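Chains as they are written, first to last, in the numbering used here: chain A, 1 to 219; chain B, 1001 to 1190.
Since the hints were derived computationally from the structure, they do not count as laboratory data. Some hints could be false.
To be verified - Keeping only pairs whose Cα atoms sit at most 20 Å apart, straight-line, the calculated EDC-like set for lysine to aspartate or glutamate is:
(1) A/Lys193 <-> B/Glu1086
(2) B/Lys1061 <-> A/Glu77
(3) A/Lys191 <-> B/Glu1086
(4) A/Lys191 <-> B/Glu1051
(5) A/Lys214 <-> B/Asp1132
(6) A/Lys14 <-> A/Asp212
(7) A/Lys191 <-> B/Asp1132
(8) B/Lys1090 <-> A/Asp212
Since we're looking at a predicted model, the values are computed, not measured.
What follows is the residue order along each chain.
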Amino acid sequence: MHVVIINGSPRVKKFSNTDKIIQAFVQGLQEGEATYELYSLSNRGEWDAAREAYLTHDRTIIAVPLYVECVPSLLLEFLESLPTERTHPGELSFILHSGFSEGHQLRMGERFLQSLPAQLGCTFGGCLVHGNSFTIRLSQPKEVESIVKPYIAMGRSFASHGNFLTKEATKFTGPERYPWLLRQLVEKLLKTKVSKRFEIFAQEWGCTRPLDDKPYQES
Amino acid sequence: MADTLPASWKTYRKPSRRYERYKMKALALNTSGTSIDSDQIKRLLPNNGDEVEFINTSDMKIAHCIGCNQCWLKTPGICAIKDDYETIVKRLVQVRDLWIISDTRFGFLDFKGKRVLDRIMPMLNMYLEFRDGWMRHQLRYHILNVGIIYQGHGDQALLAEWCERASHNLGGRSLGVFAIHNGKEAAPCM
């Protein structure tokens, strides 16, 4: 099996959480003896090749972060450049991830992606939905490895089934909502440890203003 | 409107009268490259759009959000991309209602319509909290309500749900999703 993978994130590849997820996923794909080719839409120079690969192969995965309850506008621009009919049969699958952990945060984006393949003359190969990816960029390599590791198994599963229309892909999302008690705990952590961590990241990035600064506030 | 303000905003500071006047105004971003008769749009808006400031973004230089997170972690509230969107953020700080006028693709906003919402990140900050049972980023300034006016083949139910969810992320509510048919008739769909 050969899979075309399109990284739909606008963030440059070097800092792309989506790319790190893809790297783990393709490790599993290769273990399952599938091959792949990867294109990143953050590099406009790859758009023509990505379009050509999508049109000439029968299996494509678009991996994308959630942006304002749907996909990033950059990916929409690319999709708008695709023909709505194709001569070669095609199946379109998706990996949708988000910084938020709970599954319900991603359902709007998933709903849009479910409706997309038919409008491009493709069949729908399922959508792998998973959160908790925000800290990938801000973490040390070991921690990143542990965050993206579960995607290796999903790569193997895709190599075996050819899509995400499987029980394990559905279960991969994790909890739709945190149980009440866990939510109370998370809420406390957000106010303390998580906020502190963001402030440390900001300092490392050279930030000199408070994170809740209001630069355009009227005096 | 006061009853729609979250507690954190109510205690933030007492708005001045001048500030409240600003708050009564709305901003409409016309992202459609084709000409939509502004009178049609105004008929859809409260008070016939008298208090709406229109900005035509189709001839502005606006890049895609690249998710660099600098507006949250390096220069809080200030986007790293220096283009015409900076003017829009400054106006958003002064209004409470945001209308997006957009063409459609795939039943959704086209990329130009979605792009102006993707760039709204400086209106939020990095801190997270639970609001209405959802984990969300804190509001940097105040609530924003969002409404959509679209032309073309929009999926009304999809757009309505998306608008509702996007508005809630900004602490506000959906102002509604309206279709303009054939560039002639304006029909409220909420």
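So, going through the hints one by one against the coordinates:
This hinted pair does not check out: A/Lys193 and B/Glu1086 have alpha carbons roughly 32 Å apart, beyond 20 Å. Taking the CA atoms of B/Lys1061 and A/Glu77, the gap is near 16 Å; set against the 20 Å cutoff, the hint holds. A C-alpha spacing of about 30 Å is found between A/Lys191 and B/Glu1086, which places the hinted pair above 20 Å, so the restraint is violated. The suggested pairing of A/Lys191 with B/Glu1051 is violated, with an alpha-carbon distance near 38 Å, which exceeds 20 Å.
This hinted pair does not check out: A/Lys214 and B/Asp1132 have alpha carbons roughly 24 Å apart, beyond 20 Å. Among the hinted pairs, A/Lys14 with A/Asp212 is inconsistent with the structure: their alpha-carbon atoms are about 28 Å apart, more than 20 Å. About 17 Å separates the Cα atoms of A/Lys191 and B/Asp1132, which keeps this hinted pair within 20 Å; it holds. This hinted pair checks out: B/Lys1090 and A/Asp212 have alpha carbons roughly 16 Å apart, not beyond 20 Å.
Checked against the numbered hints listed earlier, the structure breaks hints 1, 3, 4, 5, 6; every other hint is satisfied.
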